[in-house]
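S.K.: In order, the protein sequences belong to chains A and B.
The opening position of the first sequence corresponds to residue 1 in the numbering used here, with each subsequent residue numbered one higher.
The opening position of the second sequence corresponds to residue 157 in the numbering used here, with each subsequent residue numbered one higher.
Honestly, the hints are just simulated from the structure, not real lab data.
Predicted model, so just to flag it, every value in this text is computed and none were measured.
Where hints are given, some of them may not hold.
Capping the alpha-carbon separation at 30 angstroms, the derived lysine-lysine pairs in DSS-like fashion look like this [stated by the list, open to error]:
(1) B:Lys-186 with A:Lys-118
(2) B:Lys-252 with A:Lys-118
(3) B:Lys-244 with A:Lys-134
(4) B:Lys-252 with A:Lys-134
(5) A:Lys-129 with B:Lys-161
Far from chain B, by Cβ distances over 12 angstroms, these chain A residues were calculated [to be verified]:
(6) Asp-45
(7) Leu-50
(8) Glu-91
(9) Ser-103
(10) Ser-113
In this text, a Cβ means the ideal position worked out from N, Cα and C, and glycines have one as well.
Protein chains: 2
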Amino acid sequence: MPMPKEQFLNAMRFLAASVSVISAKDSSGKPYAMTASSVTSLTIDPPAILVCVNNGASIHDALVENANLCISILNKTQQEISNICSLKNMESRRFKNDFWDTSDTPFIKNAQSNIFCKVDETVAYHSHKIVIAKVLRAENADIFNTLMYADGGYLD
Amino acid sequence: MPMPKEQFLNAMRFLAASVSVISAKDSSGKPYAMTASSVTSLTIDPPAILVCVNNGASIHDALVENANLCISILNKTQQEISNICSLKNMESRRFKNDFWDTSDTPFIKNAQSNIFCKVDETVAYHSHKIVIAKVLRAENADIFNTLMYADGGYLD
Chain A
1 MPMPKEQFLN
11 AMRFLAASVS
21 VISAKDSSGK
31 PYAMTASSVT
41 SLTIDPPAIL
51 VCVNNGASIH
61 DALVENANLC
71 ISILNKTQQE
81 ISNICSLKNM
91 ESRRFKNDFW
101 DTSDTPFIKN
111 AQSNIFCKVD
121 ETVAYHSHKI
131 VIAKVLRAEN
141 ADIFNTLMYA
151 DGGYLD
Chain B
157 MPMPKEQFLN
167 AMRFLAASVS
177 VISAKDSSGK
187 PYAMTASSVT
197 SLTIDPPAIL
207 VCVNNGASIH
217 DALVENANLC
227 ISILNKTQQE
237 ISNICSLKNM
247 ESRRFKNDFW
257 DTSDTPFIKN
267 AQSNIFCKVD
277 ETVAYHSHKI
287 VIAKVLRAEN
297 ADIFNTLMYA
307 DGGYLD
């Protein structure tokens with residue numbers, strides 16, 4: 001008997017999480033970005049972080065081993081870029097706004113944290129890849145103001 | 157040049173997360189539990205979730221393939237059990253309280269969600285294992301009241 005998927009989805013509604021945007025360029029220099037709530041700390045030595053990425057996400061193929069990526073933890077004033085990077089019909093508009101610095105690895109200006117990483121390993125699991133990224137450096141805001149999502153919406 | 161570990165740790169302070177307790181019995185029936193903020197949704201089909209576990213954690217050796225475990229997402233009234241399951245010097249007291257039902261796979265009564273899982277795969281990465289768990293069933297509270305941790309403390 002398969003478990004009711006609804007039980008799982010309801011549990012995941014209760015798993016509150018920070019809202020991050022992950023971003024990278026492919027080998028031709030084209031930028032990609034995706035909103036993610038599955039970012040989590042993995043190890044301190046080496047500093048490493050993981051994020052789960054759907055195989056169908058546009059950024060997926062850019063996240064090969066040794067690719068540079070940025071994980072931008074958003075702050076509460078940045079809901080708009082979270083929406084732009086999560087809605088499929090906004091795909092073509094993800095970088096057509098003033099949130100970004102795309103001169104090198106793209107990152108969101110004034111984010112809560114910008115964590116610059118290099119992909120170390122990817123682990124395939126059904127529809128997703130677990131992307132394990134070594135942290136190169138991080139730029140952090142001074143005061144905690146992280147945007148969080150739970151129960152179907154952003155938290156105040 | 158190694159990146160300043162402090163930059164990474166400060167970024168992780170800003171990565172707000174739900175507080176969960178993961179619990180399992182070993183093959184002899186001895187229960188283990190550990191507070192974790194690294195629980196994240198992985199796939200919907202199959203319903204699967206991951207959690208990062210330090211190789212030195214007492215629960216580590218119980219989380220072999222096919223082991224049953226429960227991921228209890230805590231609610232805001234359950235800070236005490238979060239503390240008990242995270243402090244090393246409370247190790248022997250983790251189950252000496254009234255929070256638990258240990259009749260089968262241990263779980264925390266009245267948690268925000270109790271997600272009953274079976275370990276599907278583990279992936280080793282330096283000091284940690286990524287434990288990938290298939291969800292068998294989940295029991296959820298009615299109203300969102302998840303305990304969250306960020307910036308060195310519990311959030312209100």
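S.K.: Hint by hint, which ones does the structure fall short of?
M.R.: 1, 2, 4, 6, 7, 10
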